[in-house]
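Heads up, the first sequence stops at 804 in the UniProt record's numbering, and the numbers go up one at a time, no gaps.
Possibly wrong hints are sitting among the right ones.
[Unchecked claim] The calculated lysine-lysine pairs, modelled on DSS-like cross-linking and capped at a C-alpha distance of 25 Å, are:
| # | residue 1 | residue 2 |
| --- | --- | --- |
| 1 | Lys729 | Lys681 |
| 2 | Lys588 | Lys619 |
| 3 | Lys696 | Lys660 |
| 4 | Lys616 | Lys681 |
| 5 | Lys453 | Lys681 |
It should be emphasised that the hints constitute simulated quantities derived from the structure, not laboratory data.
Predicted, not measured: the structure shown is a model, and the values here were computed from it.
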Amino acid sequence: MLSTTTLHSLPPPPSSSKKPLLPPLPNPHLFSHPSSLLLELCSNPTELRRLLPAVIKHGLFFEHVLQTKLVSLFSRFGALREASLVFSDVADRSDELHHSLLKGHCHHSPLPLSLSFFLSMRRADVRTSVHNFTYLLKACADASDLPRGREIHSLLVSSGFSSNVFAMTAVVNMYAKCRRIEDARKMFDRMPVRDLVAWNAVVSGYAQNGLAADALAMVGRMQEDGIRPDSITLVSALPACADARRLEVAKSVHAFAVRAGVDGLVNVSTALVDCYCKCGAVGTARKVFDRLRGKNAVSWNSMIDGYARSGDAEEAMRLFDRMSGAGVEATEVTVLALLSACAELGDLEEGRKVHRLLLSIGLESNVSVMNALITMYSKCKRPDLAAEVFDSLQSKTVVTWNAMISGFSQNGRADEALKSFYEMRRRNVNPDSFTFVSVIPAIADISVVRRAKWIHGYAVRSCFDRNIFVATALVDLYAKCGGVGLARKLFDSLDERHVTTWNAMIDGYGTHGYAETAIELFEEMKRSPAEPNDVTFLCVLSACAHSGLVEEGKRQFESMRKDYGIEPVMDHYGTMVDLLGRAGLLDKAWDFIERMPIEPGISVYGAMLGACRIHKNVKLGEEAARRLFELEPEEGGYHVALANIYANASMWDDVARVRKLMEATGLQKTPGCSFFELGNKVHTFYSGSTNHPHSKQIYARLDTLLDEIRAIGYVPDTEPIHDVESDVKEQLLAAHSEKLAIAFALINTRPGATIQIKKNLRVCRDCHAATKFISRATGREIIVRDMQRFHHFKDGLCSCGDYW
DNA sequence: CTAGGGTTAG
């Protein structure tokens, strides 16, 4: 009372303001009426707070109906602090008052608070209503809190509500939301009566737990039970159709919706749009979308995302413009869809536009969006920009770290991927299965066995080693680190194998030159539940190419389309050209290129150029190089390869011409370098470099080593070098990075130990010959992984049979 | 206090 008087004596507000600061005190009549009309008219907690003094002034605060109304209204607005304050001021609290506050807590307070209030109610002997349970169960479902959900469930049973259809539907829903669909189903089966809503709960439960087939089966069962699906049934079932890519089912749901007259509802149509998109029928989705009146943000997002996923990023962007034009505001889902479109296309320009857009609508602290932004920049081959975003984020989740690690991995920045991984652990962020899948390829890229074993052990300790994605990455890792036998052991130990698992193992054998084993495994795969895909055939073909199995390769290429209906793409053609070309069938390879049904790309001409270099064919080499210069003008490697072809043919003028061209256009040859892991450190050797701290000893060991192998027949292969004296040629060859790495490895490992080297380019002919002699002279097994494959040198021979 | 089921993302 005092406070309102004070407020009335305040100076009047500025004349521009038409509204008085507070309305005059209302007629007490409006409060005393049981409906408490004036309170009901409030639309926010502030208005309600302003009325409080009036309620008190008119002495109505202790009116029971009013108290309950206040608690319920403060609760509705989420102002639980005020609701609780009013509640605690009430002397004689009715059951209704308790129920009202419990409802408020269930909708707005953290679950533990709601539950403890409920328990206090029971201690105060408040009569428990079945509604209390439905509210509490909903709160457990929303929080995905299984332990508390179970607790409520058991209280519900002991309170005698276990046959109540409302309560039991809420129980079913709670278990489904807590990802315990089997328990949900058990409870559903026990219900004595199941109405439409109960059926809908179990349908959506299956759908949301990824059990699409069960969800759809339940829609059938409810109809057999005489319950007709409603729009909510359809909206729950459609995501299941989408999940299972069941286009035919989607169409029948659509027809049902039309017959039931619910196809005009925005949520039904939107679910149809999404479902058609996911089933690959983007055109049909668009028709539904265009007919839809009153599109909301979800409708637009579904359609935009549909285009983004089908690879039509341009249409996704166009549609987004129309969405803005229609006055519908972009949401985080819009931005996520647009970012994934840009990532898919590698379209940096559009990606930057979306970046600006998301800043303009204030999504810069939305973690999901920022993670997608990191992925977008990574996919656009800009890990630097991704890292900029990453560094600017104050709050990072494990997904953020994964996105960054994966971004580095996929852009060949293995060192940074590993560094991020270490940093993540330093900050006590727990890795998940995605983290392992992101970091393992980086380790495979560096090819260091010690770290391979370390990450494997780490995965075992974190219990992710049986995760099929992690396990597949580990199989690939061991194969790439030279341990194809270890890879097979791991492969055999798995009880689940995806297509990719088989592919990794087949490819492992292929790159190690064990084509026959690769084919055998492929045959075994055909007998397994796994279906070979386009990548499987790529691995099989490349295994054939590495081992010179020309006829087998041709046969597999035919079988791919004939028996499996897989249309070859560019890389398959490239591998076929590689297969024919390496085998010296250059004319056949060229013929193959000319008969290709699609325009030949980089991988095709690249394979051709490589084959021409091996088999010294100037004419076709020039032709392939010419096409490559057009297709990828900024790549220097093709010029180097062409120069090598000319050098092999002693066409020195042409060598000089290509070199001049390279200088003029600023193209550079990638410097050759080799890696050797010693202890925890990876040592890098560049050709001719003396930068290594132990350079002197390395060159000294190399000198004696060359003497040793010359004594058993090594002759330096100086053919490709021409413009220097012959002793200088030999020096240049001797300082090739691979030889430096081997010399260093010989010094630093115990006699008889296997040496493993990784090289960034292909092994050169002279190094290949020299390494064979070194393996014999020193009695060492030497494993070299180059860009293309593995070479196992032992007793003067190489596993590639000099075919590479 | 008058209940329980529903559409887009990674």
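To see whether the hints hold, each was checked on the structure:
Pair hint Lys729 plus Lys681 does not hold up; C-alpha atoms about 32 Å apart against a cutoff of 25 Å. Pair hint Lys588 plus Lys619 holds up; C-alpha atoms about 14 Å apart against a cutoff of 25 Å. Between the alpha carbons of Lys696 and Lys660 the distance comes to roughly 35 Å, so the proposed pair goes past 25 Å and is violated. For the hint linking Lys616 to Lys681, the alpha-carbon distance of about 40 Å lies beyond 25 Å, and the restraint is violated.
Taking the CA atoms of Lys453 and Lys681, the gap is near 15 Å; set against the 25 Å cutoff, the hint holds.
Of the numbered hints listed earlier, those contradicted by the structure are 1, 3, 4.
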